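**Q** In order, the protein sequences belong to chains A and B.
Using my numbering, you'd call the opening residue of the first sequence number -6 and step up by one each time.
Using my numbering, you'd call the opening residue of the second sequence number 360 and step up by one each time.
Source of the hints: derived by calculation from the structure; they are not laboratory data.
Note that the structure is predicted; figures quoted are calculated from it, not measured.
A few of these clues could be false.
As the list claims (entries may be wrong) - Okay, the calculated bits of chain B under chain A, using three or more residues with CB under 8 Å as the criterion:
| # | region |
| --- | --- |
| 1 | 381 to 391 |
| 2 | 444 to 455 |
| 3 | 496 to 510 |
| 4 | 551 to 565 |
Ideal Cβ positions, reconstructed from N, Cα and C, are used throughout, including at glycine.
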Amino acid sequence: MGACVRREFVKGIFRENPVLVLMLGLCPTLAISVSVKNAIGMGAAATFVLVASNAIIALAGRFFPSKIRIPCFIVVIATFVTMVEMVMGAYLPALNAALGIFIPLIVVNCIILGRAEAFAAHHGVLPSILDGLGMGMGFGLTLLMVAFIREVLGSGKFWGITISQVYSSTGAVHPAAVMVMAPGAFFVIAFIMGFIAWRRERQLEQKRAAAIALMSETRV
Amino acid sequence: MQSYILLFISIVLVNNFILAKFLGLCPFIGVSKSRHQAVGMGFAVIFVMTMASAVAWVIHHYLLAPTPHNIFYQWLGEGKTPADFDFTFMQTIVFILVIATLVQLVEMFLMKAIPPLYESLGIYLPLITTNCAVLGVALLNVSDFGMLRNASESFAKTVLQGFGGGVGFLLVIFLMSGVRERLEHMDLPRALRGAPIAFICAGLMALAFMGFAGLGH
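Just chain A, same shape as in the assembly (with noise of 0.2 Å):
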């Protein structure tokens, strides 16, 4: 039982990492990470939503008829959208403005509908649960990491706080604005999932390497 509650949710953190394994819901990814603030409030807007809509999904998802279960889907997911909408226009508004459309724009997120469709539809409430809280970790930590490297390169900045005197006293380095502009997003990921396919290629030939040498050595 242990086990399975892990798995169901590392795997949405590393393996099946949603932005840069699967490749699910980039636009936020790359809309929103301009600062650390809006990519953790996004982080946790979209794991809400995706933990309660699996949650209902996976409770009343046997009851849609199976033609029409998309549409189903979508309405499960827009009603907590427009909920997450309505409580961040209430309470933080600032966060709000900074997001503009990209709350309500969760509802076409790749990643929600994806995993009603794949996971919550077929699985039990619990797994669904940890199903969507493991996706949503994914996707928050990936947005936390492009943020963090948007931030500090585009506006020498972290959490708001100006810090790019400590990387350069003198003001030597400055932050290159193109870093929080369009490109820099594009630059980022690409270079994140750059890494993490040459990360893999190498545990590849790791792994082919041992194996001949194991193979040589019976061999022998």
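Guided by the hints, dock chain B onto chain A, whose structure is given.
**A** Using the frame of chain A, we list chain B on its own:
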């Protein structure tokens, strides 16, 4: 007239949906591998975005927004103000359902009425429902032009923004597919093959498109 031309140029080049607003990236990376597919997807997006903008405007103006034209106000509004009939909180859920239905209808209509067009666009249509550019343009239209006094001006600008957004999408996905067809034959570092190099190219394109930034003013 001038404001319409400026709006069109700004939405196609300056505030391009993909490169400046990050809307519709999934099909942009997923379907830009061949030029033929990219053009098909681009035209399907133009079609759906224009129609979705128009339909969403009608729904917003006559059903959701607190305007004097609101159907519920005209029906039940005896002695009340339009502000009592503000259903804009339902916007997200109504728009996504309308778009999903619209895409389904368009698909069925094309299948029956214009089979050759269905052959070329059909497979892209189901994908478009979850394309955030379509819901995005409907929501942007409401925040940009929903408050305009003149209803016909508001409607015209809404449809133009939907159409222009689609044209910008077609332009960028077409350019990208050309780049990616070339990349197939390049000797790239193995780790960067596929999506990473596509993102780097998209970044360079975004950098180039930033050069248009002065045009809007």
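**Q** Please go over all the hints and tell whether each is borne out by the structure.
**A** Hint by hint, here is what the structure shows:
no.	hint	in the structure
1	381 to 391	holds (count 7)
2	444 to 455	holds (count 6)
3	496 to 510	holds (count 3)
4	551 to 565	holds (count 13)
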